[in-house]
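Student: Spelled out, the chains give:
2 protein chains.
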Amino acid sequence: MPATKKSYPVANVRHFLEPGPIVLLSSRWQDQSNIMTLGWHMVMEFTPSLIGCVISSANHSFELVRNSGECVINLPEAKWVDTVVGIGNCSGTELDKFEHFGLTQGKASKVKAPLIEECHANFECRLHDDTMVDGYNLFIFEVVKAHVAPSPAQPETLHYQGMGQFMLSGKTIDRKRLFKASMLT
Amino acid sequence: MPATKKSYPVANVRHFLEPGPIVLLSSRWQDQSNIMTLGWHMVMEFTPSLIGCVISSANHSFELVRNSGECVINLPEAKWVDTVVGIGNCSGTELDKFEHFGLTQGKASKVKAPLIEECHANFECRLHDDTMVDGYNLFIFEVVKAHVAPSPAQPETLHYQGMGQFMLSGKTIDRKRLFKASMLT
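Top line first, the protein sequences correspond to chains A and B.
Residue numbering for the first sequence follows the working numbering, beginning at 343 and increasing consecutively.
Residue numbering for the second sequence follows the working numbering, beginning at 343 and increasing consecutively.
So that you can see chain A by itself, here it is in the shape it has in the complex (with noise of 0.2 Å):
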């Protein structure tokens, strides 16, 4: 488990999310909960935080998120490599992922959907909207409530190559000092 999470700026979710690491979105609908594996998201807008990600129709999740509007953007450390690919190998409707890979649901504040506790920041999100779902499935969401552990600052994350390879993060560099003030967001 990660430390205690603390509130965070939902404006700041792209410190995170920017650099394209691997989520996991997890879901629920009525008696269902999800968890699927995701790297085709990106970030649309500062404020309201909107992030956008494209769930494939072909996977379960997809119609718990389509229906209750909601979903959680989980950030798994690069140490959760193995279930991370185990979730994207398998689907819900085979079996309860939460249970298979002993993680761990928290309640959300503002959603229905769980937190996976065991991951270093939960962002929660609504359905912002929904109209390039039938063409792209695209959803675009409101990230309206973020929860993130204090430490590490740089927790190691993973981004996904295809192939079954994942590139892990690496060191930070600063160029703040070439930055027009403006541009430090």
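Just so you know, the hints here were simulated from the structure itself, not pulled from any lab data.
Here the structure is a predicted model, which means the values were calculated and not measured.
Treat the hints with care, since some could be wrong.
It does not matter which identical chain is meant; a pair holds if it fits inside one copy or across any two.
What the hints assert, rightly or not - Heads up, simulated DSS-like pairs for lysine-lysine below, C-alpha to C-alpha not over 30 Å straight-line:
#1 K449 / K522
#2 K421 / K513
#3 K454 / K518
#4 K421 / K522
#5 K452 / K513
#6 K513 / K347
#7 K513 / K454
#8 K518 / K452
We have chain A already, so just place chain B on it with the hints.
Tutor: Below, chain B without anything else, positioned relative to chain A:
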């Protein structure tokens, strides 16, 4: 300059883009060329090879891309970090970025927008869907031609974390053995 590039399957550009690197987007409209630094992008489909990009309407590139319906997504290696930051902190309305940053315009094969020769890879794109441009500055591009330098096989890339900080790509780990064959794309 990277090693001479080779043609690369457009369905596989996600191997470079899905990990979330900062890219340089080049464009041309009439007699104007420009470059912008872009972090808000995601893979949206395998075939056709679709990439979603959010380009703020405050950027000079916005009009060039919208009017021409084309761009090139260029992947810079991490050693270009100061150029990447410089490009993001000035406007094409003030200067010619190719000239100012000493970058070489290459001729694309399917679009009029220039390639940035110094980059590790160049993905020629045509605007596939602009219905979300007015609402979200979201351009959905189709990659119609890809060029990739054969070495290094794993270029070191930049991943923007906000506040002037970049995460550098780290080592690659392989989990092919945990994947169903059908998931290995």
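Student: Each hint: holds or not?
Tutor: The hints, checked one at a time:
1. With identical chains, the CA atoms of K449 and K522 are never at most 30 Å apart, being 40 Å at best within one copy and 32 Å at best between copies.
2. Proximity of K421 to K513 under the C-alpha cut-off of 30 Å is found in both arrangements, the shortest distances being 16 Å within a copy and 14 Å between copies.
3. For the homomeric pair K454 and K518, neither the shortest alpha-carbon distance inside one copy (39 Å) nor that between copies (34 Å) is at most 30 Å.
4. For a Cα distance limit of 30 Å, the shortest separation of K421 from K522 across copies, 21 Å, qualifies, whereas the shortest one inside one copy, 36 Å, does not.
5. When the C-alpha separation of K452 and K513 is checked against a cutoff of 30 Å, the pair qualifies neither within a copy, at 34 Å, nor between copies, at 37 Å.
6. Proximity of K513 and K347 under a CA criterion of 30 Å is satisfied in both settings, with 23 Å inside one chain copy and 28 Å between copies.
7. In this homomeric assembly, K513 and K454 never come within 30 Å of each other (Cα to Cα): the closest approach is 36 Å inside a single copy and 37 Å across copies.
8. In this assembly of identical chains, K518 and K452 lie within 30 Å of each other by CA distance neither inside one copy nor across copies; the values are 35 Å within and 37 Å between.
Violation of the numbered hints given earlier is confined to hints 1, 3, 5, 7 and 8; the remaining hints are satisfied by the structure.
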